[in-house]
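> Residue numbers (full-length UniProt numbering), protein chains in the order written: chain A, 1 to 242; chain B, 1 to 242; chain C, 1 to 242; chain D, 1 to 242.
Keep in mind that a hint or two might mislead.
What the hints assert, rightly or not - Computed beta-carbon distance windows for the label pairs: (1) Glu124(A) with Asn123(C): 33 to 39 Å; (2) Ala232(D) with Pro234(C): 52 to 58 Å; (3) Glu37(A) with His225(D): 55 to 61 Å; (4) Arg18(B) with Pro208(A): 41 to 47 Å; (5) Gly142(A) with Asp33(D): 35 to 41 Å.
To be verified - Quick look at which bits of chain C chain D covers, simulated, 3 or more residues with Cβ under 8 Å: (6) 60-69; (7) 83-94; (8) 175-183.
For the record, the hints were derived by calculation from the structure and aren't laboratory data.
Even for Gly, the Cβ is constructed at its ideal location relative to N, Cα and C.
Number of protein chains: 4
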Amino acid sequence: MRVTVWNEFQHETRGDERVLAHYPDGIHTVVADGLREVLGDAVQVRTATQPEPEHGLTEEVLAGTDVLMWWGHIRHAEVEDEVVERVLRHVHAGMGIVVLHSGHYSKVFTRLMGSTCSLRWRNEGERELVWTIDETHPIAEGVPNPIQIPQQEMYGEPFDIPAPHELVFVSSFAGGEVFRSGVTYRRGRGRVFYFSPGDQEYPVYHHPDVRRVLANGVRWARPRHERRTLTADPHPLGWFEG
Amino acid sequence: MRVTVWNEFQHETRGDERVLAHYPDGIHTVVADGLREVLGDAVQVRTATQPEPEHGLTEEVLAGTDVLMWWGHIRHAEVEDEVVERVLRHVHAGMGIVVLHSGHYSKVFTRLMGSTCSLRWRNEGERELVWTIDETHPIAEGVPNPIQIPQQEMYGEPFDIPAPHELVFVSSFAGGEVFRSGVTYRRGRGRVFYFSPGDQEYPVYHHPDVRRVLANGVRWARPRHERRTLTADPHPLGWFEG
Amino acid sequence: MRVTVWNEFQHETRGDERVLAHYPDGIHTVVADGLREVLGDAVQVRTATQPEPEHGLTEEVLAGTDVLMWWGHIRHAEVEDEVVERVLRHVHAGMGIVVLHSGHYSKVFTRLMGSTCSLRWRNEGERELVWTIDETHPIAEGVPNPIQIPQQEMYGEPFDIPAPHELVFVSSFAGGEVFRSGVTYRRGRGRVFYFSPGDQEYPVYHHPDVRRVLANGVRWARPRHERRTLTADPHPLGWFEG
Amino acid sequence: MRVTVWNEFQHETRGDERVLAHYPDGIHTVVADGLREVLGDAVQVRTATQPEPEHGLTEEVLAGTDVLMWWGHIRHAEVEDEVVERVLRHVHAGMGIVVLHSGHYSKVFTRLMGSTCSLRWRNEGERELVWTIDETHPIAEGVPNPIQIPQQEMYGEPFDIPAPHELVFVSSFAGGEVFRSGVTYRRGRGRVFYFSPGDQEYPVYHHPDVRRVLANGVRWARPRHERRTLTADPHPLGWFEG
C-alpha cells in the first residue's frame with residue numbers, strides 16, 4: 001500500500017512557533033511517521049508539499065499512490081486547478097483519499113462534495129471527544145469510544161456536506177458544540193474519508209488513537225480494483241449477448 | 001390533521017412525585033397541549049393510554065389517526081402484540097408516527113427499525129444541547145440552533161439504529177456524550193420521526209422549542225396519500241400496456 | 001414560484017431537422033410550456049439560453065429564480081466557468097435545480113455531484129419504461145407506474161453518481177438496460193433533481209407524464225427558506241447562551 | 001468462515017417435479033455446493049431445514065455460524081417465533097445473513113427491514129438481466145455486467161424495503177419490469193444482503209455467476225468482530241475519563 005501525505009507546508013515554513021513546537025519538520029512528516037508506526041511494512045509512505053513543482057503531485061506520483069492524504073489550511077486558493085483536476089481524476093479512477101481537518105475547505109474536497117463545506121469554528125484549545133457511531137466500521141477498529149483529545153480547535157455543526165455514505169464519528173467539544181468528525185463517501189471508483197481532528201497548533205497527530213484512525217482510514221480507502229477512467233461509451237443493441 | 005398522542009401512563013398513575021410535578025394529568029396531556037398551542041386549528045388531538053382496552057388503539061382509532069405519537073418507558077413488554085401489529089400495519093399503509101424518548105425501546109419502534117435500539121444513558125439532570133444538522137429540514141423550522149434544555153436524562157451513542165434517512169438533530173450533554181436525537185425514516189408508505197428529548201422527570205414537554213419540534217414533526221409525518229395496504233400481487237405480461 | 005428554463009440551444013439553431021420537428025422554437029420553450037400547462041398560475045416561467053450574454057444567467061436572473069432547469073448536450077465545455085460558479089453559489093444558498101437528460105455531463109451537474117456522471121448510451125429510439133420506486137415521493141405524484149415513453153435514447157448503468165438521497169425512478173429499456181432515471185440530492189441549502197428522459201430527437205417533453213414529473217420536480221425543488229450564503233464563522237465560547 | 005444454508009424444504013419434499021428436476025436433494029444442497037465450489041477451503045458449509053427440530057437452528061448452531069443463508073417460500077408462517085427471535089438476536093450481535101429470493105417475505109427478513117417487503121411478481125420464465133450499479137462493491141467482484149439468467153420468475157418494483165445502505169444490483173426482465181435485486185443493510189452489529197434471483201423452478205443456483213454473487217455475499221456479510229449482545233447500560237458522569 002503506497003500512501004502519499006500531502007501538506008500545504010505554510011505554517012511551518014513561515015516560522016509559526018506554536019506549530020513548529022509540535023511539527024518542526026512539517027505536519028506531513030508526523031502524519032507519515034504515524035502511518036509507519038501503526039502499519040509497519042504494510043505501507044510505503046512518501047510526502048509531497050505545496051511549494052514543490054506541481055505541488056509534488058505529478059501524474060507519475062499520483063499513478064503510484066494508492067491513498068492520498070490531504071492537509072491544507074491557508075493556501076487553498078493557491079493550489080493550481082490543473083493539479084486539482086488531476087487529483088480528482090485519480091480519485092474517480094480509484095485512488096483513495098483521506099482529507100484532514102482544515103482540508104474541508106480545500107478545492108479538492110469541496111469539488112468532491114459539491115457543497116460549500118462551511119462550518120462553525122473556534123480556537124480555544126478545548127477538549128474534543130470523538131465518539132464512534134458505528135463500532136463495527138473498520139475505520140473505528142481498535143480505538144476507544146470516545147477518543148479523548150485534550151486540546152483542539154472546535155469545528156461545529158452545521159457542517160455543509162452531503163449526507164455521508166457512512167457516519168463513523170461524531171465529536172463533542174467542551175464548549176458544547178458537536179461535529180460529524182469522521183465521514184465516508186464514494187466518488188467514482190474512489191473512496192473518500194474525511195477526519196476533522198488535527199489542528200496545526202496542537203499535537204493531535206502525535207495522539208496514538210488519532211494515528212490509529214488515520215491508519216485505519218488509509219486501509220479502508222485503498223483501492224481494491226485496477227484504476228480505470230470512467231467514460232460514456234455507446235453500446236449497440238444486444239452488445240452483452242455475444 | 002388528526003393526531004393521537006399515546007402514553008403508557010405508568011409513572012403518573014403510580015404516583016411518582018417527580019413526574020407528577022411536571023405532568024399531573026399525564027405526559028400525553030402536556031404533549032397534546034403543546035401541539036394545540038403551536039398548530040392551533042390545524043390539528044385535532046386526542047389521547048390514548050396503555051391502561052385502556054386495546055391500549056386505546058382500536059382499529060377505528062388508528063383509521064382516524066393521521067399521526068400517532070408514542071411515549072412509553074417501563075411497560076413496553078406489556079403492550080399487546082396484536083396492537084403492535086395493528087400499529088405497524090397502519091404505519092406501513094401510510095399513517096405517520098412520532099416516537100418519543102424512551103419509546104426507542106418500544107415494540108413498535110424496534111419493529112420498525114429492525115435493530116435493538118440500545119444506547120448509553122445516565123439520569124443526572126444534565127444540560128442537553130440539541131444541534132440542528134440540516135437547517136433546511138422542515139422539522140427544524142423555527143427553532144434555535146442549538147435548542148438548550150437545562151435538565152435532561154443523557155442518551156448517548158452508540159445508538160443502535162439503522163442509518164437514518166435524514167439526520168436532523170444531534171445532541172451533546174454536559175457530561176460530554178453525543179446522541180443522534182432527531183432522525184427520520186420511511187417504512188412502507190409511512191413516515192417515522194424519532195426525537196429523544198423528553199424524560200418524565202424534567203419539564204421538557206413544556207419547553208417551547210421542544211413543542212415546536214414536535215409540531216413540526218407531526219406536520220412532516222402526516223400522510224400525503226390515501227392509506228393503502230401493500231400486497232404482493234401477480235401481474236401478467238404486458239399488464240401495463242393497456 | 002419563479003422558474004428559469006435554460007437550454008444550450010445548439011441543436012435547434014444549427015438546423016438539426018430531427019430536433020426541429022419536435023422543438024421548432026427550442027427545447028426550452030416546450031419545457032416551459034409543459035410547466036405552465038401543469039402548474040398554471042402557480043408558476044412564472046422564463047427561459048435563458050447559452051448564446052445570450054452571460055448565457056442569460058446574470059446575477060439578477062438567478063436572484064429572481066426559485067428553480068433553474070438545465071438542458072445541455074454538445075456545448076458543455078463552452079459554458080463559462082464564472083457562470084457555473086454563480087449557479088453553484090445560488091444552489092448552495094437555496095435555489096433549486098432540475099437537471100435534464102444529457103445535462104448529466106454539464107459542468108454544473110458534475111460539480112454538484114463530485115463524480116464523473118458517466119453512463120452507457122445508445123440512440124436507437126427504444127421504448128423506455130420509467131418505474132416509480134418510491135410511490136409516496138411528491139415527484140411521483142399523479143404519474144402512472146410505469147410511465148411509457150415510446151421512443152428514447154438509452155441511458156444505462158453504471159451511472160457514476162453518488163448514491164442519491166432519494167431514488168425516485170428507475171427505467172428499463174427495450175434493449176434490456178436499466179438506469180436510475182430520477183434521483184434527488186441536497187447540496188448546501190438547495191435541492192437537486194436529475195431526470196433523464198428527454199432526448200432532443202424524440203418528443204419526450206410533449207409527453208404528459210413527463211410534463212407532470214417536471215412540474216412535480218420543480219415544486220419539490222423550490223426553496224422553503226430565504227436564500228443565504230453559507231460561511232465559516234468563528235463563534236466564541238458560550239455564544240449561544242445569550 | 002462457517003456458513004449455514006437454511007431451506008424451508010417444502011417444494012422438494014412434497015414432490016414438486018419442476019423443482020426436483022433442478023434440486024433433487026433440496027435447494028440448500030445446491031446452494032451449499034455453489035459456495036464450496038467458489039470458496040473452497042475458505043468455507044465450512046452446513047445446512048439446516050425447516051422440518052428439523054427447532055428448524056435446525058438451535059442456539060448452538062447459530063453460535064457456530066458466521067453467515068446464515070435463508071431460503072423460504074410457502075411456509076413462512078410456520079416458522080416458530082422463538083427461532084425467529086433467536087436468529088434476529090444473532091444478527092444483531094454480529095452474525096451475517098444472506099436472504100434469498102422469496103425469503104423477502106420471511107419473518108426474519110421483514111423483521112429486519114421493518115417494512116412489508118411486498119413486490120410485483122409473475123412466473124413466466126422470463127430472461128432476467130442483473131445489472132451491477134456499484135462495480136467496486138465486493139459483492140459484484142468477478143461477475144459480468146449484466147449477469148444473464150435465461151429463465152426466472154419476475155420480481156418487480158415497487159419493492160417495499162427501506163432505502164438500502166448500498167444498492168448493488170438492479171434487474172430488468174424481458175417483460176419490462178425492474179427490481180432492486182441486490183441490496184445491503186446493517187442491523188445491529190450484523191450485515192444483511194438480500195439477493196433476489198433464485199426461483200425454485202429454474203436452475204438459477206446452478207448458474208456460475210449467481211454462485212459467484214452468493215459466495216461474494218457470504219464473504220461480505222461475515223463478521224469482523226466478536227459477537228456481542230447490545231444492551232442499554234447506565235454510565236456515570238466521567239466514566240470514560242478513567
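> Does each hint fit the structure? Answer for all of them.
We went through each hint and held it up to the structure:
no., hint, result
1, Glu124(A) with Asn123(C): 33 to 39 Å, "violated, 60 Å"
2, Ala232(D) with Pro234(C): 52 to 58 Å, "violated, 38 Å"
3, Glu37(A) with His225(D): 55 to 61 Å, "violated, 23 Å"
4, Arg18(B) with Pro208(A): 41 to 47 Å, "holds, 43 Å"
5, Gly142(A) with Asp33(D): 35 to 41 Å, "holds, 38 Å"
6, 60-69, "violated (count 0)"
7, 83-94, "violated (count 0)"
8, 175-183, "holds (count 4)"
Consistency note: the structure conflicts with the earlier hints numbered 1, 2, 3, 6, 7.
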